[in-house]
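Protein chains in written order, with UniProt numbering: chain R, 1 to 341; chain C, 1 to 341; chain G, 1 to 341.
Simulated from the structure, these hints should not be mistaken for laboratory data.
One thing to keep in mind: the hints can contain errors.
[Claimed, not checked] Derived pair list, reagent style BS3-like, types lysine-lysine, alpha-carbon separation capped at 30 Å:
| id | chain 1 | residue 1 | chain 2 | residue 2 |
| --- | --- | --- | --- | --- |
| 1 | C | Lys58 | C | Lys4 |
| 2 | C | Lys58 | R | Lys59 |
| 3 | G | Lys59 | C | Lys59 |
| 4 | R | Lys59 | R | Lys337 |
| 5 | R | Lys58 | R | Lys337 |
| 6 | C | Lys337 | C | Lys58 |
| 7 | R | Lys59 | G | Lys251 |
| 8 | G | Lys59 | G | Lys120 |
| 9 | C | Lys98 | C | Lys58 |
| 10 | R | Lys120 | R | Lys59 |
| 11 | C | Lys98 | R | Lys98 |
| 12 | G | Lys58 | C | Lys59 |
| 13 | G | Lys4 | R | Lys58 |
| 14 | R | Lys337 | R | Lys98 |
| 15 | C | Lys98 | G | Lys98 |
| 16 | C | Lys59 | C | Lys337 |
| 17 | C | Lys251 | C | Lys59 |
| 18 | R | Lys120 | R | Lys337 |
| 19 | R | Lys89 | G | Lys337 |
| 20 | R | Lys59 | G | Lys59 |
| 21 | R | Lys251 | C | Lys4 |
| 22 | G | Lys4 | R | Lys92 |
| 23 | G | Lys337 | G | Lys59 |
| 24 | C | Lys98 | C | Lys59 |
| 25 | R | Lys58 | G | Lys251 |
| 26 | G | Lys59 | G | Lys251 |
| 27 | C | Lys337 | G | Lys92 |
| 28 | G | Lys58 | G | Lys4 |
| 29 | C | Lys306 | C | Lys98 |
| 30 | C | Lys337 | G | Lys89 |
| 31 | R | Lys4 | G | Lys337 |
| 32 | G | Lys58 | C | Lys58 |
| 33 | R | Lys251 | C | Lys120 |
| 34 | G | Lys306 | G | Lys251 |
| 35 | G | Lys98 | R | Lys98 |
Chain residues, written in single-letter form:
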Amino acid sequence: MRFKFSILALLLEVSIIVLFGIFAEYDNSIAIETLYPVFQDVHVMIFVGFGFLMTFLKKYGFSSVGINMLIAALGLQWGTLIQGFLHRKAGKIPVNIKSMINADFSTAAALISFGAVLGKTSPLQMLILTVVEVTIFAGNDYLVTEILQATDVGASMTIHAFGAYFGLVVTLVLYRPGLKNKHENEESTYHSDIFAMIGTLFLWLFWPSFNSAIASEPISQFKAIVNTYYSLAACTVATFALSSLVDRRGKFSMVLIQNATLAGGVAVGTCADMPIHPFVAMCIGSMAGIVSVLGYHFLTPFLASKLNIQDTCGVHNLHGLPGILGGIAGIIVTAVKDEAR
Amino acid sequence: MRFKFSILALLLEVSIIVLFGIFAEYDNSIAIETLYPVFQDVHVMIFVGFGFLMTFLKKYGFSSVGINMLIAALGLQWGTLIQGFLHRKAGKIPVNIKSMINADFSTAAALISFGAVLGKTSPLQMLILTVVEVTIFAGNDYLVTEILQATDVGASMTIHAFGAYFGLVVTLVLYRPGLKNKHENEESTYHSDIFAMIGTLFLWLFWPSFNSAIASEPISQFKAIVNTYYSLAACTVATFALSSLVDRRGKFSMVLIQNATLAGGVAVGTCADMPIHPFVAMCIGSMAGIVSVLGYHFLTPFLASKLNIQDTCGVHNLHGLPGILGGIAGIIVTAVKDEAR
Amino acid sequence: MRFKFSILALLLEVSIIVLFGIFAEYDNSIAIETLYPVFQDVHVMIFVGFGFLMTFLKKYGFSSVGINMLIAALGLQWGTLIQGFLHRKAGKIPVNIKSMINADFSTAAALISFGAVLGKTSPLQMLILTVVEVTIFAGNDYLVTEILQATDVGASMTIHAFGAYFGLVVTLVLYRPGLKNKHENEESTYHSDIFAMIGTLFLWLFWPSFNSAIASEPISQFKAIVNTYYSLAACTVATFALSSLVDRRGKFSMVLIQNATLAGGVAVGTCADMPIHPFVAMCIGSMAGIVSVLGYHFLTPFLASKLNIQDTCGVHNLHGLPGILGGIAGIIVTAVKDEAR
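Chain R extracted, bound-state conformation:
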């Protein structure tokens, strides 16, 4: 019984190596100079950002960082294969810095879902969830960008909203009445809150790289960097203001500072590479911060008590609602642009 995890993990790894042996090939057609620093920023977000963001729960600090690492390490290999099959050239999977960025991206959705189910799943279940979700993500991403030719450069919808709602469904499926009593594990301590800020800050700082990494041209990349930078800054000021406003004593809530400050990066994702002007990015960021704070304050307790949806890290408010907001913003911006033509 206790060998199940080890056996499945080793079987998966052996299968992946065999598939890499048959299909994967170095593809050095893309120069590394520009993309490699951006890849490293995304890489830090996936492992340090997502990993430490979840350490705020006093009992799950080590599993959040550790299992996060396992999911991401497995997911990036599996993601390379699945995305490679969908975009293969002459039957081969080309491996380059861009495919490595996409491999890291494909783990993000699984890591967001992990945030919803943290403390309720075993490592064995997480292995299966990772493989399933990375596969669905790659198919969905292919559908949106290749078949529908839609644009979602920062992946507000395809990563953030998708990962959040996938996680919420899983947490509903895994619901057991007894879990409600485990409530005391879902608390933070002074030090665990500072650990979580490591995750928050590295996500916040490198989000401009996340939203610009797969932009097609330097000019779009530049706009995605600028828009995300100012969206996050505006979101942070709005989050502090709202956090103090909804608190009875006017104090800042740590969980809001850790999470809602990032909503601006999620929400500006879809239209980040469009020429929307920095002030529109700041409007989107401020609104995302406000929506996220209100979600944590009013919606999460409601979902938990009425619908039995227990969202451990509140991914619905950080990735779900801001992701949808980003999708709506993208539709409006595209419509306005078409109108102007």
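Add chains C and G to chain R, keeping to what the hints say.
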């Protein structure tokens, strides 16, 4: 009463967005390849470096990282506007990676002042201080670099000394006799000291980027990187030596390792991009480490007890004295160079 | 007596500055664009990676980060000199970004040895050890790469195996029977384990830069990045699987997750820049993870109890065995390549 902070923060954010809408414009005339990684290093210093450096105080860990984030997020938006007005082109504020680096820079002075007043100010006061200080900084910086045509590439004087003495004046103004009894909050614990090392190390590692970010040419940028690297290394060895020397039992003092090791980056700032030879950079770095250790050991207790200047994080010894040392070094180097001509 | 450390440190620093004054010269013949971001990654690994990796011991958290910083700051200056003498041009030591990367590299061996002797040596002894080991490393590195013309791009042998076995010899020399009773200091706590994960993750994330930093051409650099990325991912999955397998209750061991996940970066080092195909890199990574877990589980207790080799951080399993594995892999790959010709 308790809504004051929220109302002011939201008012400021709305005003900034309106001003961005009227004046700001994308400026993609500068290529992002070279500057963007340097910008990211500076960005990490501002949010992770300054934020975590102040976590060593056991009671202020969360406020130091959290309020640091608020100040920086507000300050970079305000700094973009004020600096943009001073350097505007055809009535518009150009937004590019270089202006983002300068926006981050303009928050640094406010964050240094925050280190002096940590634990003595409310978030509301910090909002006002940030807006005031970023404005004065931008005016001062314009005066020094545009009107006087002086050079201060690493901003020893314009950021570090300015921020430190601004903070000391504020702490003198805010002085209340009762604060002396709050002494026990100004202590560190084992874990808070390790958290602070996260801040120290990210500042130390990325300081070559800080001092070279706005250098005019690749050759100056290269010299600024080399000089800062060796200045910091020499400063670190000198700090460890002096720290053991001034301790009765020969032990290292954590607060010195966390702070004085960085003085070499401050002091070499003004002349970092000049061809001063690495060994001169190392002399400046060693002297800065020694001055900083002596400042913490002898000057800070004196200022606190005799002049009622309570410098919570000791910014006078990290930014004030080494900043002045950097200014003097810059004057000497320039004089020698003019002599040689 | 208590001034010994300070006097030696200051003497060393003064000597280094004098030697820099006589011999060192700026060399701006190498463009900074491509190499500087890679240098920064390596820089983070040396100071944050190695420093925090050792914080898992509850009593040595501060000395590991602090003394790590001292050793690295001294070692990189000394390494610049010694490596510069061996590669000097017209009697001068050229200082550029590449020599700075090599200076950082030369401290890595000393830091690995420090991991073996942590808690058993004084700062004074570490100063001497650093100077001695950096000198031997530079000579050995010169012998391997210049005289023997062998290739070891990721330095599996010249840094990792060398540093580990050097440290083990020192720990044997320093062995005192009483040290066995100090066992309780060699424990981790909940928070110290999370601090150590900061070190693990920054080493893991930036290892592709470490293994590709001194690769001769962009194409070799690209291969080193890809191979290291997939080797580490495979190593991580294998480590989690093995860690659960060797535990009686099937739980993950924190010390294994912190260390053995990195063995894939060590082992793929020697042949990282060769066209070995990603799947071979993944095989090397998985094997390294398995070897490292088995080393921690079976070999370390044996060495400690039977041979009195007390390896505080288990560097033998992270750097020693995987380093040898990397050397063997390099020999096999070279032999196969020569065969194919």
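Going through the hints against the structure:
1. At roughly 28 Å between alpha-carbon atoms, C:Lys58 and C:Lys4 fall within 30 Å of each other, so this suggested pair holds.
2. Only pairs whose Cα atoms come within 30 Å are accepted, and C:Lys58 paired with R:Lys59 is accepted, the gap being roughly 21 Å.
3. Proximity of G:Lys59 to C:Lys59 is assessed by CA-CA distance (about 22 Å); at most 30 Å being required, the pair is judged to hold.
4. Restraint check: the Cα-Cα separation between R:Lys59 and R:Lys337 comes to about 49 Å, which exceeds 30 Å; the hinted pair is violated.
5. The hinted pair formed by R:Lys58 and R:Lys337 fails the criterion: a straight-line CA distance of about 48 Å is larger than 30 Å.
6. This hinted pair does not check out: C:Lys337 and C:Lys58 have alpha carbons roughly 48 Å apart, beyond 30 Å.
7. The hinted pair formed by R:Lys59 and G:Lys251 meets the criterion: a straight-line CA distance of about 15 Å does not exceed 30 Å.
8. For the given pair, G:Lys59 sits about 12 Å from G:Lys120 by alpha-carbon distance, which is consistent with the 30 Å threshold.
9. Between C:Lys98 and C:Lys58 the CA atoms are separated by roughly 37 Å; this puts the pair beyond 30 Å, and the hint is violated.
10. Taking the CA atoms of R:Lys120 and R:Lys59, the gap is about 12 Å. The hint holds against a cut of 30 Å.
11. Restraint check for C:Lys98 and R:Lys98: the C-alpha separation of about 26 Å stays at or below 30 Å, so the hint holds.
12. With a CA separation close to 21 Å, the supplied pair G:Lys58 and C:Lys59 stays within the 30 Å bound.
13. At roughly 44 Å between alpha-carbon atoms, G:Lys4 and R:Lys58 are farther apart than 30 Å, so this suggested pair is violated.
14. For the hint linking R:Lys337 to R:Lys98, the alpha-carbon distance of about 29 Å falls within 30 Å, and the restraint holds.
15. At roughly 26 Å between alpha-carbon atoms, C:Lys98 and G:Lys98 fall within 30 Å of each other, so this suggested pair holds.
16. Simply put, C:Lys59 and C:Lys337 have alpha-carbon atoms about 49 Å apart, too far for the 30 Å limit, and the pair is violated.
17. In summary, the hint linking C:Lys251 to C:Lys59 is supported, as the alpha carbons are separated by about 25 Å, within the 30 Å threshold.
18. Note on R:Lys120 and R:Lys337: the hinted pairing is violated, with a Cα-Cα distance of about 45 Å set against a maximum of 30 Å.
19. A threshold of 30 Å between alpha carbons decides the hint, and for R:Lys89 with G:Lys337 the separation of about 27 Å falls inside it, so the pair holds.
20. Between R:Lys59 and G:Lys59, the direct Cα distance comes to roughly 22 Å. Compliance with the 30 Å bound is thereby established for this hinted pair.
21. Between R:Lys251 and C:Lys4 the CA atoms are separated by roughly 12 Å; this keeps the pair inside 30 Å, and the hint holds.
22. With a C-alpha separation of about 64 Å, the suggested pair G:Lys4 and R:Lys92 falls outside the 30 Å cut-off, and the hint is violated.
23. Distance restraint check for G:Lys337 and G:Lys59: the Cα-Cα separation of roughly 49 Å exceeds the 30 Å cut-off, and the hinted pair is therefore not satisfied.
24. This hinted pair does not check out: C:Lys98 and C:Lys59 have alpha carbons roughly 37 Å apart, beyond 30 Å.
25. For a cut-off of 30 Å, the pair hint linking R:Lys58 to G:Lys251 stands: about 19 Å separates their Cα positions.
26. Annotation: proposed proximity of G:Lys59 to G:Lys251 holds, straight-line Cα distance about 25 Å (limit 30 Å).
27. At most 30 Å may separate the alpha-carbon atoms for a hinted pair to count; C:Lys337 and G:Lys92 meet this at roughly 23 Å.
28. The hinted pair formed by G:Lys58 and G:Lys4 meets the criterion: a straight-line CA distance of about 28 Å does not exceed 30 Å.
29. Among the hinted pairs, C:Lys306 with C:Lys98 is inconsistent with the structure: their alpha-carbon atoms are about 44 Å apart, more than 30 Å.
30. With a C-alpha separation of about 27 Å, the suggested pairing of C:Lys337 with G:Lys89 holds against the 30 Å cut-off.
31. About 39 Å separates the Cα atoms of R:Lys4 and G:Lys337, which puts this hinted pair outside 30 Å; it is violated.
32. Annotation: proposed proximity of G:Lys58 to C:Lys58 holds, straight-line Cα distance about 18 Å (limit 30 Å).
33. Only pairs whose Cα atoms come within 30 Å are accepted, and R:Lys251 paired with C:Lys120 is accepted, the gap being roughly 16 Å.
34. At most 30 Å may separate the alpha-carbon atoms for a hinted pair to count; G:Lys306 and G:Lys251 meet this at roughly 28 Å.
35. For the proposed pair G:Lys98 and R:Lys98, the alpha carbon gap of about 26 Å is at most 30 Å, so the pair holds.
Checked against the numbered hints above, the structure breaks hints 4, 5, 6, 9, 13, 16, 18, 22, 23, 24, 29, 31 and satisfies the rest.
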